[in-house]
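Trainee: Heads up: the sequence lines are chains Z and P, in that order. Following our numbering, the numbering of the first sequence begins with 1 at its first residue and continues without gaps. Following our numbering, the numbering of the second sequence begins with 1 at its first residue and continues without gaps.
Some clues are possibly wrong.
As the list claims (entries may be wrong) - Derived pair list, reagent style EDC-like, types lysine to aspartate or glutamate, alpha-carbon separation capped at 16 Å:
hint, chain 1, residue 1, chain 2, residue 2
1, Z, K335, P, E127
2, Z, K335, P, D50
3, Z, K60, Z, D30
4, Z, K192, Z, E134
5, Z, K299, P, E127
6, Z, K95, Z, D54
7, Z, K335, P, E166
8, Z, K335, P, E51
9, Z, K335, P, E126
10, Z, K335, P, D65
11, Z, K299, P, E126
12, Z, K60, Z, D349
13, Z, K299, Z, E315
14, Z, K299, P, D143
15, P, K192, P, D12
16, Z, K335, P, D29
These are calculated hints, taken from the structure and not from any lab test.
Here's the letter readout for the chains.
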Amino acid sequence: MASQSSQYVILTALLVFCAWMLTASVAQSDAPLGPPHRVLTLNPKIGIHTRLTDEVEAAKIRRTMEMVREMGAQWIVEYFPWAYIEPLPGLYDWKHADLVVNHAVHQGLTLVARLGMVPQWARPPESTSAFLSEEHYADFARFVGNFAGHFREQVRYIIIWNEPNLALEWGFRPVSPAEYTHLLRISYQEAKAANPQVQVLAGALAPTLAPSGNEWGMNDLDYLRGMLDAGAAQYFDMLAVHAYGWSYPPDMSPDPQVINFRRVELLRRVLAEHSAADKPIIITEGGWNDHPRWIHAVKPAQRIEYTIRAYQLAEQWDWCKAAILWVFRYPWPTKSYLDYYTFVTPNFDPKPIYLEVRRYAVP
Amino acid sequence: MPIGYEVELAHDIAAQLGVRAQIVNIAFDSLYDALQADRVDAIISGLSYDERRTKEVIYSQPYFDAGQLLVLSTTAKDNTDEKSDVFRLLENRRVAVEWGSTGDMKARQLQSLVVRCSILSYLSAEEALAALVHGESDVAIADAVSVYRFAAAHPGTIRVAQQLTEEPYVIATSARSPSLAKAIEAALDTLKRTGTLDHLRDRWLTATDLP
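Using the sequences and the accompanying hints, generate a full structural model.
Mentor: Encoded structure:
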């Protein structure tokens, strides 16, 4: 009986393996890489955030990268959830991440990888995927190191976490620049151990005017000061910044009491105040929304003008390596104001903003 | 005190239900959260049907369609009419649009399928429609709200030739309140049948002297 059971196990394993091979080969044949490309652009700092985390079709991943390249964008940010890649401790599934990275690199794009999302095994039941207690910092850092090592030849920039100054992004716990700095430190060390060339970006902060003591978040300028006071400068190479314009034009002067595109200059000023002015900045989200009803939206024509102007400003700022705006496409319509941040529809129909940026950027 | 098309619609529905509506002013991006948290009983605020939310939400029939309309001038000296197909309406025509808008996107898509169709871009839908009336363009494409408002402000100047896209607005109630959803549906039936919805549209989207 034991022998028969073993045969069943082996047979089952073989069937699973064959099914996996078939799936893998279908996924690859759906979207062959084709010849390698390079981006032709008049402004090499143009970038756009892709959103492929939930995009399962290889052909659509490839189409995304092709259209980004054709728009004249050199840079993309993509999110790589820890929970998807390491669903069980030590069990890594790189298939989807490989697909995204391979297509990006093949189209000649420079990829900035945002890392986050805590798997269920690394957090308490009923907690959100942004909840990471200190006892699991080392698990996350190990994942960061493995990511940096796995994509040693392809991914040069990684972002540690997202908007840690919001309670929402910190597992609905009080936010803490010192705790985040701790997480950043061990993540940085693991990343550099795996790949000394990788550039570690401190997680972009949510632009917010939250008053002191607010339960939902901390003012981004104060949070960055807190990080730097806690010694964070030693543990990041660059700063990721979210630069949303809301309803204001991109040239509007920065003001600590206003959220606008040039708030990025205030963050740079904070770096300078802490002897960290040498650290470049990458804008990893930002831009304008043209929903007809949303209170923070602008007119569609303004969105086009502001977006192109923002790319021009980034080109002039020698401390800004790239301006990667939100967002190229959603896999499905959100049926909300968020749809009006996209550059193409879920069916890849280019919106006028896509066509106008392409006209500006492509020689 | 909040006023507007949907505020009045909420009061009319409440009257049908024999209750008094309390209007809660919430940011557009927090509407569904408010419904899930039982801070409100229904959302009437330019919502589109979203099949991904139908586990938590029950949607009503549409009460308004804000889709893109293809518009002609009433003084156009040709034989195009409402029965002409969209390709014929655009052939050899200058099309006015609001630059960057959904109407602009639609026009660019159609342009690739139509012979000698040129696009004229303006900074607002109102300017695009004015260009049509002034003879700068032959056709305009704009959203229904902009078209209705322009028609009211400039009576007798434009006519809708085709509806190009649909963007129906619906009412959302919590899936935990199926009886309320059913009652709202019945109220909408009544408001449609009695012409109240048309009256609301005329009052709020085509009146020239909006309060």
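Trainee: Each hint: holds or not?
Mentor: Results of checking the hints against the structure:
For a cut-off of 16 Å, the pair hint linking Z/K335 to P/E127 is broken: about 27 Å separates their Cα positions. Taking the CA atoms of Z/K335 and P/D50, the gap is near 6 Å; set against the 16 Å cutoff, the hint holds. Note on Z/K60 and Z/D30: the hinted pairing holds, with a Cα-Cα distance of about 9 Å set against a maximum of 16 Å. For the given pair, Z/K192 sits about 21 Å from Z/E134 by alpha-carbon distance, which is inconsistent with the 16 Å threshold.
With a C-alpha separation of about 13 Å, the suggested pairing of Z/K299 with P/E127 holds against the 16 Å cut-off. The straight-line distance between the Cα atoms of Z/K95 and Z/D54 is roughly 13 Å, inside the 16 Å bound, and the hint therefore holds. Between the alpha carbons of Z/K335 and P/E166 the distance comes to roughly 13 Å, so the proposed pair stays at or under 16 Å and holds. Distance hint between Z/K335 and P/E51 is fulfilled; the C-alpha atoms sit about 9 Å from each other, no more than 16 Å.
A hinted pair counts as satisfied when its Cα atoms are at most 16 Å apart, and Z/K335 with P/E126 does not qualify at roughly 25 Å. Pair hint Z/K335 plus P/D65 holds up; C-alpha atoms about 14 Å apart against a cutoff of 16 Å. Distance hint between Z/K299 and P/E126 is fulfilled; the C-alpha atoms sit about 12 Å from each other, no more than 16 Å. Proposed proximity of Z/K60 and Z/D349 is supported: the alpha carbons are some 13 Å apart, at most 16 Å.
The straight-line distance between the Cα atoms of Z/K299 and Z/E315 is roughly 24 Å, outside the 16 Å bound, and the hint therefore fails. Between the alpha carbons of Z/K299 and P/D143 the distance comes to roughly 13 Å, so the proposed pair stays at or under 16 Å and holds. A hinted pair counts as satisfied when its Cα atoms are at most 16 Å apart, and P/K192 with P/D12 qualifies at roughly 11 Å. With a CA separation close to 11 Å, the supplied pair Z/K335 and P/D29 stays within the 16 Å bound.
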